[in-house]
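What follows is the residue order along each chain.
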Amino acid sequence: MSEIVQEYAQSLKELTFNSRPIIDTLTTIAAENTDEGDGILDVITARIYKCLPEQKLFALYLLDSICKNVGNPYNILIGDDIFKLFSHVYLLVDDNVRKKLQNLFETWRLTKAKGTNIPLFPPGELEKIGAFLKKAGPVNNGNELSNSRLIRDIDELLPIFHNKLNNNSNDTKLNERFNALNQLKFLLQNQKMQPNELKAVEAQLNTIKHQELNRSSTSANSSPNSTPTLRSNIPSSLPATPKVNTVPASSANDLFDRLINEGIITFEQDFNSPRVYEINYPKGNPNDHSDVFSSILGYQMIRSEYEQLKYNELNKLKVTSQSVQGFISSPNVSIQCKNLLYESKGLKCSICGKRFNTDDVGKNRKRLHLDWHFRISQKFKSSSNVQSRSWYLDDVDWAKFKDENLLEFQVNIANSTQSSSQFKPQESKEIPYVIIPSTETNMNNKCLICREQVKGSFNEELGEWCWYNCILQPGEPKGSRKIVHANCYNETRKRGALEDAHSGLKRERI
Amino acid sequence: MELIPGFNRPDADVESNLPITITIPENHEWRFEVPFKLSLSLKILDGIAEIFGTELPINTDLSFSGVKYSVYAPLPQGCKLQYTLKINKEQSNTTNEPASISEYISSDTLSMKQVVNLHFYLEKKRQEATDRNLVNQHSVNQTPAPKVLLLGPKFSGKSTVAKILCSYGFKMDRCPILVNLNPRDGVFAMPGALTATPISDNFDLEAVGGYGGSTTSGTTYHNPKQPLVKNYGFEDFAANLDLYRHHISKLGVATMSRLEEDIAVKNSGVIIDTPALTIKDIRLIEDIVSDFEVDHIVVIGNEKLSIDLQKKFVHKVSNNSLCIIKLSKSEGVVELDESYIRKCQEETIKQYFNGYFRNPLSPFKTEITISDFVFYQPVDSSEFNSSLLFAPSGDSFAPDATEETEKKEDTLDKYYKKIDDFSANNLENLVLAVTQLPATNKSPNDLLDACILGYVHVSKYEESKGRLKVLLPVPGAFPRNILIATKIGYTE
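Just so you know, the protein sequences line up as chains B and S, in that order.
The numbers in full-length UniProt numbering rise by one with no breaks, and the one at position 505 of the first sequence is 505.
The numbers in full-length UniProt numbering rise by one with no breaks, and the one at position 219 of the second sequence is 219.
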């Protein structure tokens with residue numbers, strides 16, 4: 001065992017309480033000694049298995065911190081053992097800690113490995129944990145709502161619908177609701193929701209559940225597909241049903257009223273059953289359900305606090321195109337309204353005056369923004385910062401250009417567009433290529449990064465010779481023969497982002 | 001800066017070098033003008049302050065030179081600022097300028113209140129458009145966010161209003177496209193250019209003109225913008241109205257497709273800044289309205305013009321597809337003299353190649369052989385109508401009858417002519433636009449639709465060698481493309 005690992009094991013013994021400083025320090029040491037990754041992970045796993053049950057959580061927290069903040073190689077090395085570790089701890093701790101473990105697990109489902117777009121841990125392992133937790137049943141169910149709990153709820157409902165559909169495949173309404181549930185599940189898996197939005201979704205789910213169970217509890221129980229887990233879960237989720245009434249009326253109803261007002265959702269009500277909400281799909285466009293549903297719902301749900309405030313303030317302004325002249329000469333807009341430009345966006349950058357929302361998204365953006373200021377000032381201090389004006393884009397490229405690429409939130413944006421693009425019609429993954437300029441006589445070329453040879457091949461659809469899997473070196477005009485492999489380019493960019501991130505880390509330590 | 005007593009002595013303001021503190025009450029403006037030869041360092045000590053809609057940071061020095069700005073205090077707490085002056089070393093020999101700053105506090109911010117109200121009206125429209133577009137994603141009848149055309153006489157503050165509306169829009173999470181149709185100003189580009197630029201971040205107040213720059217090969221001090229640039233090549237919009245209209249329509253097409261491509265931009269709309277157009281330019285105004293699908297015209301400081309426009313657009317106004325709004329002109333607008341405008345243009349050109357003090361750039365000096373390239377220049381139709389040169393601008397230069405016959409021919413002649421007689425006169429000290437069209441291109445009409453890569457500057461024409469000394473923004477090979485010699489000049 002190397003000296004570093006021995007010291008690490010020693011410091012690890014101090015982790016007898018939930019100490020942020022110790023975890024941070026140990027994370028930093030792990031980050032600086034990735035060569036010793038195997039050894040470090042060995043002592044941490046040993047600690048998790050051997051320490052007192054009440055201290056296990058903290059060691060697991062350390063492991064979590066290292067995997068999230070350092071990532072490669074730790075998350076990869078430990079990936080295949082994560083279920084074993086998790087279940088081991090889970091079985092030995094009390095309900096309180098179990099709840100924390102569940103929360104921890106939920107963050108794992110939502111977190112991507114640092115600097116990449118792949119899940120933090122292997123999906124297979126995460127599924128095992130999910131199944132394990134399902135079997136273990138909800139802990140003493142607190143009132144906390146989470147994406148994964150709702151996903152579980154949906155998972156319970158889906159087989160019921162599935163059965164019904166099998167028996168009655170012509171029921172279009174049933175079909176629609178089945179699809180809607182699937183969409184909702186998809187949404188929950190891919191998006192972080194505000195608590196009140198979760199409540200709204202829960203209320204909706206409960207309505208459906210309530211109804212299904214009332215109408216056809218017999219069929220659900222007798223159906224061959226209703227697995228034991230389903231049955232065991234129904235009682236535990238039943239106490240939640242009365243909560244429909246306790247959901248703060250404003251949040252859920254507001255949302256639904258808005259949806260109803262905008263014609264997205266309609267409801268029917270008969271005397272015996274609770275309200276049934278139906279998603280209103282545009283007529284004559286049956287193939288687009290998913291898209292419409294998810295983007296409408298998605299949008300409604302991600303309206304931030306600031307956007308809600310803005311919506312309300314603007315609604316108070318009574319002005320139309322006809323009355324605008326009078327409005328403009330009228331006394332000023334209210335101070336609340338004016339403050340939408342100022343204090344409603346409570347975080348202000350001290351360097352440039354740019355404002356950010358006070359919610360988590362805003363805080364994160366401000367953090368990225370400050371990191372960016374820091375990086376820039378470092379770069380400008382070093383003499384290596386030589387740059388020159390770029391060429392302009394042509395009309396077509398400009399029309400397709402996304403201004404996110406100019407901003408400091410790029411890392412974030414890349415992730416969010418990744419997830420939001422799933423709500424847009426999926427663009428087929430096209431192979432990038434560069435059309436060989438007609439003036440070019442030499443079809444052979446090479447990637448400026450890896451220096452590998454690239455041969456031209458003929459694209460019959462276009463009727464042009466192309467270099468495949470390549471893009472023009474950024475900044476090069478059309479017709480240039482300076483090309484790079486798309487993969488090489490992305491790799492170098494990633495590396496750049498990583499270096500940038502590291503410089504951010506260093507600053508924090510100083 | 002150490003100064004030898006009695007030598008090169010600046011005025012008292014500068015010499016004392018003591019910070020001066022100013023307190024601005026709510027809804028007041030501190031208006032100040034700084035000549036190029038001085039540099040004013042400004043710091044907000046307390047409160048909320050903005051310059052043309054761009055909010056200033058607290059306790060951070062901003063440095064201004066050659067500006068006519070005003071600091072506005074929008075909120076009840078007002079604001080407090082401090083400034084110091086020093087000699088701007090790079091520009092200390094600029095003549096023709098006052099040697100001190102002028103500054104005063106004004107309570108006359110009626111027009112500012114109107115602009116704020118106008119913004120909130122536009123934002124309400126944007127909100128409606130956003131919500132409806134969400135529900136009707138798949139319907140053809142999407143509701144556009146407002147597309148606003150700003151009109152008004154010279155020095156009525158059109159560009160300032162455009163800046164405020166864009167800044168406020170950005171602050172409320174929008175990304176409006178700022179279209180500049182005034183070739184006198186280079187907005188994110190060169191003078192002589194017409195541009196469309198999504199405003200996805202604050203303006204850079206310290207940059208020349210107070211807009212900021214386009215993209216560079218590195219990371220910039222202030223986030224850059226990505227303009228679409230059409231090279232018109234004259235600073236006077238009426239120099240070749242056909243060419244001007246042609247570029248506007250191209251810009252319009254591209255802007256409309258950008259709106260289709262990007263829902264965030266679509267939900268934010270367009271703000272169009274213009275040169276001083278009058279009712280005599282009604283055909284041009286009609287073109288702009290149709291090219292950009294304008295639904296709001298804002299007329300600043302000219303009641304008569306707004307009434308005339310109501311009459312001309314009576315159909316559109318009566319079916320609610322166009323809304324004409326009038327705004328008062330701000331008393332703070334300064335009349336710019338020719339030498340100041342000229343100086344700003346030169347600084348804008350310099351900034352394109354060399355960047356500015358916060359963000360220097362490295363251009364590239366090279367030589368090219370004239371015979372390797374093909375040169376065009378835009379036709380100055382006002383040369384043919386020299387008697388009309390001082391007639392009211394836009395006074396229909398091309399009589400309708402002859403224009404029709406010309407259109408049938410559809411030649412390049414009325415837009416560009418090829419340069420065959422090279423001279424220092426038509427090349428030296430001028431800015432050339434580099435098109436995206438290879439010099440080998442055989443059909444000259446393509447030139448009309450060619451986009452441009454950027455600009456180069458010719459510092460010397462060596463007649464004997466047939467070579468040009470040029471400044472290229474981008475290091476590396478000079479693109480073998482058709483070049484257009486603009487009428488925008490600049491001497492290093």
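If you're looking for bench data, these hints aren't it; they were derived computationally from the structure.
Predicted, not measured: the structure shown is a model, and the values here were computed from it.
Be a bit skeptical, because a hint or two may be false.
[To be verified] Partial list, computed: chain B residues near chain S (C-beta under 7 Å):
#1 Glu54
#2 Asn312
#3 Phe327
#4 Ala399
#5 Phe401
#6 Ile431
[What the hints assert, rightly or not] Derived lysine-lysine pairs resembling PhoX-like cross-links, with alpha carbons at most 20 Å apart:
#7 B:Lys338 x S:Lys154
#8 S:Lys250 x S:Lys460
#9 B:Lys363 x S:Lys250
Even for Gly, the Cβ is constructed at its ideal location relative to N, Cα and C.
Going through the hints against the structure:
no., hint, in the structure
1, Glu54, "violated, 46 Å"
2, Asn312, "violated, 11 Å"
3, Phe327, "holds, 6 Å"
4, Ala399, "holds, 4 Å"
5, Phe401, "holds, 6 Å"
6, Ile431, "violated, 22 Å"
7, B:Lys338 x S:Lys154, "violated, 30 Å"
8, S:Lys250 x S:Lys460, "violated, 33 Å"
9, B:Lys363 x S:Lys250, "violated, 41 Å"
Checked against the numbered hints given earlier, the structure breaks hints 1, 2, 6, 7, 8, 9 and satisfies all the rest.
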